[in-house]
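Undergrad: Listed here are the chains, written in short residue letters.
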Amino acid sequence: MSESQKTIEIEVLRYHPEKDKEPHKQVFEVPFTDDMSVLQGVQYIKDYLDGSLSFRWSCRMAICGSCGMMINGEPSLSCQTFLRDFYPARVRVEALSHFPIERDLVVNIEGFIEKLESIQPYIIPKEPRTLAQGEYLQTPEQLNAYEQFSSCINCLLCYAACPQFGLNPSFIGPAATALLHRYNVDSRDGGKAERMELVNSEEGVFNCTAVGYCSEVCPKQVDPANAVNQNKTNSAADYFLRFLTPKGGAK
Amino acid sequence: MNKRRPYVRSMDGWWKKNPFFVEYMIHEGTALFVAAYAGILLFGLLRLAQGEAAWNAWLSAMKNPWYIGFQVLALIALTYHTYTWFKIMPRTMPPVVVGGQRLSAWAITGSGLAVAAAACLGLLALVWGMAR
Ligand code: SF4
Ligand code: FES
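Here the protein sequences come in this chain order: U and B. Okay, so the first sequence: first residue is 1 according to the working numbering, each after it adds one. Okay, so the second sequence: first residue is 1001 according to the working numbering, each after it adds one.
Treat the hints with care, since some could be wrong.
Stated by the list, open to error - Among chain U residues calculated to face chain B with C-beta under 7 Å, some are:
hint : residue
1    : Pro17
2    : Glu18
3    : Asn108
4    : Pro163
5    : Tyr213
6    : Ser215
7    : Asn229
8    : Gln230
Claimed, not checked - For lysine-lysine, the following BS3-like pairs were computed, each having C-alpha atoms within a straight-line distance of at most 27 Å:
hint : chain 1 : residue 1 : chain 2 : residue 2
9    : B       : Lys1016   : U       : Lys25
10   : B       : Lys1017   : B       : Lys1087
11   : U       : Lys25     : B       : Lys1003
12   : B       : Lys1087   : U       : Lys220
13   : B       : Lys1003   : U       : Lys46
14   : U       : Lys21     : B       : Lys1017
15   : U       : Lys232    : B       : Lys1087
16   : B       : Lys1017   : U       : Lys220
In short, the hints are calculated from the structure, not lab data. Backbone N, C-alpha and C define an ideal beta-carbon position, used for all residues, glycine too.
Make the full structure from the sequences, and use the hints.
TA: Structure below.
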């Protein structure tokens, strides 16, 4: 490191379950250039200052969704957040809020994986279809209905932005609901009735109090708050429709 | 032995931890003024049903500076509540497609606010007209 090298302080919330009772802060002095992402900053720490620092990353181009962290208290992808936006002040880095900390910046996402499974994130055909019938055709309007909700990269920033999920971790939450909605409004899908049971349940959309921060922090403009709130209407319709139709609707 | 010991952070004081949440609590808090003001109006209606003397007593009670102060405060709170209500509205409704184009969030918020303003002014004009 040359004398003239600029440096920036990165404060990391550390937690090693085998020796720490609770998380604690540690400050590192990292060489700074103005093209460095926060992810590159923590990578420098791991490579040169403290090899025991744990964090997730892969693509470093806002596609894989694995590098989410609280950066100065905001849920952010660390690969697309730049140190120059904070320099010369210190940057605070912490594991994503509302998830249990597994180790340092790594959170436990098992709960989310279970939710993802529970929404059946695949097309459930309305009726069996043979190969000979060929591919499904969709109009641009039919594609428009779900396209935005299919851009989710499962980065979980929206969960770290949702206080209702923090207070009640069983709430199915923004991204899983957005994906659920993505399949429900797909013209090829016939699984809506099954998925609505989840929407209407205790874990469902009515946990949401329209804070709206999830959609603010989403790096892919999925607008998960919109999916959740549209399904409040759908759920209410489901509830009242059961008085009109002998079967189906809310239980 | 399993070395895993996932650490769960406390949610105490969560709403103070982010400016977005502080604003959320403020705009939710203004709903209390909406409820309080509705309560006052309903009470006025009750007094009206009880006859002229009761109604006049309620009217003069309303002239108390404390009540007037509260009404000014309630007006400010309600205005802010209305603004935040329509600001979040685009996130809560299905997409509105006009002429093949999806209506922008600001167009939805703007028309909501315009309708609210028109309704208030219309009501004011109506009451003004009746009172003259
Ligand atoms: S909805 Fe947005 S913020 Fe939430 S997981 Fe998907 S991409 Fe991330
Ligand atoms: S490293 Fe893949 S999204 Fe940041």
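Undergrad: Each hint should be assessed against the structure and marked as holding or not.
TA: Hints versus structure:
A hinted interface residue such as Pro17 (chain U) counts as satisfied when its beta carbon comes closer than 7 Å to some beta carbon of chain B; here the least separation is about 4 Å, so the hint holds. Proximity of Glu18 (chain U) to chain B holds as hinted, the smallest CB-CB distance being about 5 Å (cut-off 7 Å). Taking 7 Å as the C-beta cut-off, the interface hint given for Asn108 (chain U) holds, the closest approach to chain B being about 5 Å. Look at Pro163 (chain U): its Cβ gets to within about 5 Å of chain B, closer than 7 Å, so that hint holds up.
Because the smallest distance between the Cβ of Tyr213 (chain U) and any Cβ of chain B comes to about 5 Å, under 7 Å, the interface hint for this residue holds. Given hint, Ser215 (chain U) at the interface with chain B, holds; its Cβ is 6 Å from that chain's nearest Cβ, closer than 7 Å. Interface restraint check for Asn229 (chain U): the shortest CB-CB distance to chain B comes to about 4 Å, inside 7 Å, so the restraint holds. For the restraint placing Gln230 (chain U) at the interface with chain B, the shortest Cβ-Cβ distance is roughly 5 Å, inside the 7 Å limit, so the hint holds.
Simply put, Lys1016 (chain B) and Lys25 (chain U) have alpha-carbon atoms about 20 Å apart, close enough for the 27 Å limit, and the pair holds. Only pairs whose Cα atoms come within 27 Å are accepted, and Lys1017 (chain B) paired with Lys1087 (chain B) is accepted, the gap being roughly 22 Å. For a cut-off of 27 Å, the pair hint linking Lys25 (chain U) to Lys1003 (chain B) stands: about 21 Å separates their Cα positions. Restraint check for Lys1087 (chain B) and Lys220 (chain U): the C-alpha separation of about 21 Å stays at or below 27 Å, so the hint holds.
For the proposed pair Lys1003 (chain B) and Lys46 (chain U), the alpha carbon gap of about 22 Å is at most 27 Å, so the pair holds. As the CA atoms of Lys21 (chain U) and Lys1017 (chain B) are separated by approximately 23 Å, the hinted pair is consistent with the 27 Å bound. For the suggested pair Lys232 (chain U) and Lys1087 (chain B), the alpha carbons sit about 18 Å apart, so the restraint of at most 27 Å is met. Simply put, Lys1017 (chain B) and Lys220 (chain U) have alpha-carbon atoms about 24 Å apart, close enough for the 27 Å limit, and the pair holds.
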